[in-house]
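Chain residues, written in single-letter form:
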Amino acid sequence: MTKREITLSITSIILITSSIYLRFYFIENPDRIISKKENLEVLIEASKKIKKIWHEGDLRDQLKNKKLNCVQEFKELGQVDSSFLRCNLRFLECVLRESLDKVIIDFPKNIYPIKQEKNLFTKWVSRSTMEGPKLPNYGVMVNLGYGGDSLKIILEDSCHQSVIPQRVYSYGPENVDWRWDNLNRIILIDKNLVTNNDVLNVNPDFKFRNLSFPATELSQREMEKFCLSKGMQIAQAHVFDAATFFPGDLRNKNPQRFFKSPYPWTRVKMNSFLYSAQRYNDFVFEKKYCNQVFSSECVKLVPFEDFQFNATSWLGLSSILGGPMEYMRNPVESNENLLASSYHYPITSNYHQLGKRAFWDGLGHTWENFTLEERPLNEKGEIGFRCMRVIPNVN
Amino acid sequence: MLTRYIILLFLVSCQFEKSLEKEIKVFEAYLFLNLTPTYRAKIINEEFINSENPISRPFFTAQPILEFDSLGNDGKSIITYCLIYRIPTSKGFGGWIRLIENACGKKEPEYIANLSAINNLYIWLSSNPVNRGYEKTKPFTLTLKFEKDKKNYKIEIPLLNLSGEEIFLKDSKKLKLSSVSTLRFSNGILPTFVPGVIFFPLDKENQGGKKIQMIGEILDNYASGTSKICHKVNENCESVGEYLCDQCKFGWFETVPTKCSLTGDKFCGIDRCGEKGYPACFRGYKYGFKQTPVSGCNPENKAAFCQKDLNLICDQQGILICD
Chain A
1 MTKREITLSI TSIILITSSI YLRFYFIENP DRIISKKENL EVLIEASKKI
51 KKIWHEGDLR DQLKNKKLNC VQEFKELGQV DSSFLRCNLR FLECVLRESL
101 DKVIIDFPKN IYPIKQEKNL FTKWVSRSTM EGPKLPNYGV MVNLGYGGDS
151 LKIILEDSCH QSVIPQRVYS YGPENVDWRW DNLNRIILID KNLVTNNDVL
201 NVNPDFKFRN LSFPATELSQ REMEKFCLSK GMQIAQAHVF DAATFFPGDL
251 RNKNPQRFFK SPYPWTRVKM NSFLYSAQRY NDFVFEKKYC NQVFSSECVK
301 LVPFEDFQFN ATSWLGLSSI LGGPMEYMRN PVESNENLLA SSYHYPITSN
351 YHQLGKRAFW DGLGHTWENF TLEERPLNEK GEIGFRCMRV IPNVN
Chain B
1 MLTRYIILLF LVSCQFEKSL EKEIKVFEAY LFLNLTPTYR AKIINEEFIN
51 SENPISRPFF TAQPILEFDS LGNDGKSIIT YCLIYRIPTS KGFGGWIRLI
101 ENACGKKEPE YIANLSAINN LYIWLSSNPV NRGYEKTKPF TLTLKFEKDK
151 KNYKIEIPLL NLSGEEIFLK DSKKLKLSSV STLRFSNGIL PTFVPGVIFF
201 PLDKENQGGK KIQMIGEILD NYASGTSKIC HKVNENCESV GEYLCDQCKF
251 GWFETVPTKC SLTGDKFCGI DRCGEKGYPA CFRGYKYGFK QTPVSGCNPE
301 NKAAFCQKDL NLICDQQGIL ICD
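Chains as they are written, first to last, in my numbering: chain A, 1 to 395; chain B, 1 to 323.
Check each hint, because a few of them may be wrong.
Unchecked claim - Looking from chain B toward chain A, a few residues come up when the C-beta cut is under 10 Å (computed):
#	residue
1	Asp246
2	Arg272
3	Leu310
As the list claims (entries may be wrong) - Footprint (simulated), chain A over chain B, 3 or more residues, beta carbon under 8 Å:
#	segment
4	30 to 42
5	248 to 254
6	265 to 271
Source of the hints: derived by calculation from the structure; they are not laboratory data.
Yeah, the Cβ is synthetic: ideal placement off N, Cα and C, and Gly gets one too.
Please put together the full structure from these sequences, using the hints given.
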């Protein structure tokens, strides 16, 4: 090999190496790619922290201790159960806004929330409001920024629903044993009655006074539309019964006999104050009963907020007996679509028991729209509702 | 003159070593940025995944390993990627791994990420931690372990939107079983890398991808014939076509199983089961004391029920409805 050939070959090696170097460093800008990856890692960690706040709500009592100023979101938020602030868009909005100039979230430095529509940091989304292959039924979108990059996430609302365990259940009042099962099917039902806050998330045009209260003025069609907008359906009567009648032995999925107590908190109905109230003339009402049944006597005695998210069934459903009436679709008996137990009746009413239903035509709230056995108090019926959905166990 | 060339060569080789480390970092970053929003992973070749041994045969052939459906374009579309490995020769020559933006088996465009001169590649992906000797991999994480220039490397990419039922063999028609917990007090959230959070891609506003069409309108209902079918099953309990109920704008409902005992056809829209003109409701499998047979589209099917005073009939679509 001549000296010239050696020089040529070395020069070509240098040229090739330089071209590789140039490609990596200038054309594809690897430093920027690596820094984007590192930014994404930081943003993923920050997302975990946002998710924690979304799920926990005000676990650290920051609202109660006035470290958070959420007047903008909750003008009249008085005493309310902490579960109301879990998976709550307005609470998260407040936390994100306040985190701009206070240490509310222990974010890595320089992470910041980015405003989306209507000058807000959060945006309610569902499959009915946006398109995409992997959207949850509904949730809240948050956009986080860091180092010139931004990451959008959707936080799924998983705080307010219960899975109905797979087993055989019995529908109807205590003396009826109509059986069905949800084996191989995953059914979720709302733990709480749909609140004004929930309805405002879906339809901001409604005007409500108290956000944490159940939405009780909707028509049947509006209730249906609300649930559908969240990819859900109106709760069905037999599913509601499954979630409220205490099933006895939880290990036995298909019991020979069902001992159905009409009161969700006990298996022995005769020990319950309601049993006495409905039978004995010398029954004396006590304020403490309002913790379990919010009857007409309770309206002037205790705040409804104390009851609304409490008095839970074996599956965590709240506000079962008393409170507003509750509409549910009944696929077994069309004329039994209303759990009439409510603050429209005194504690002595026979309506205060599970499985006992009345009928609502769904069109209005005057008593003409109802078929009831007992005459209610108040001028018109206040009716709450909850939604349910099925997750396919096989698809 | 020659000394100068030697010094120059030495400097180039140092730079090469540095760029080798960087090459791996860049490859990892490309995988990370493109694959983290993955929500579905199709295994093309089962024997290459979660194996105890490195992928070694057939020599010198490019093998598609995994296909990923990832969120693109602000989460609104699907981008499909294929991970391809060219298995090196028995002497460890000629191995590379590439990520391309297309389905596996389709025409290969220019790769998005490439790493050449590698061998002894292991690929792990599972919804549960995989134990292989002293190695334990993380769930919902694509793990690549390989050798390059006689050094071992490991790359871990979290697939943030992936759930257990979305890891499956490509072209499988088997019905998928939901991984949601059904225990008392469970909340219906799928186990994923960060359960309950959907991650969009980082800054991908201008990227393309297959657009998703959401299905249904709020007034659609079965009785008026406007409900759109979103999942169909056949007598062999296989999916006929794709499962599209995740794209229903206003929920969906399942009809009484008549062809396959595991599930019935599903439609987008309002569920008014049991009412006149609507599909019958499903009463279950075992609500009696004995196993209840699910017996076809006929009024004798004990798994179906309607509201009082209505009768079961089989309609033209093979769905049990109430009349």
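Here is how each hint holds up against the structure:
no.	hint	in the structure
1	Asp246	7 Å, holds
2	Arg272	7 Å, holds
3	Leu310	9 Å, holds
4	30 to 42	holds (count 5)
5	248 to 254	holds (count 7)
6	265 to 271	holds (count 4)
In summary, this structure violates none of the numbered hints.
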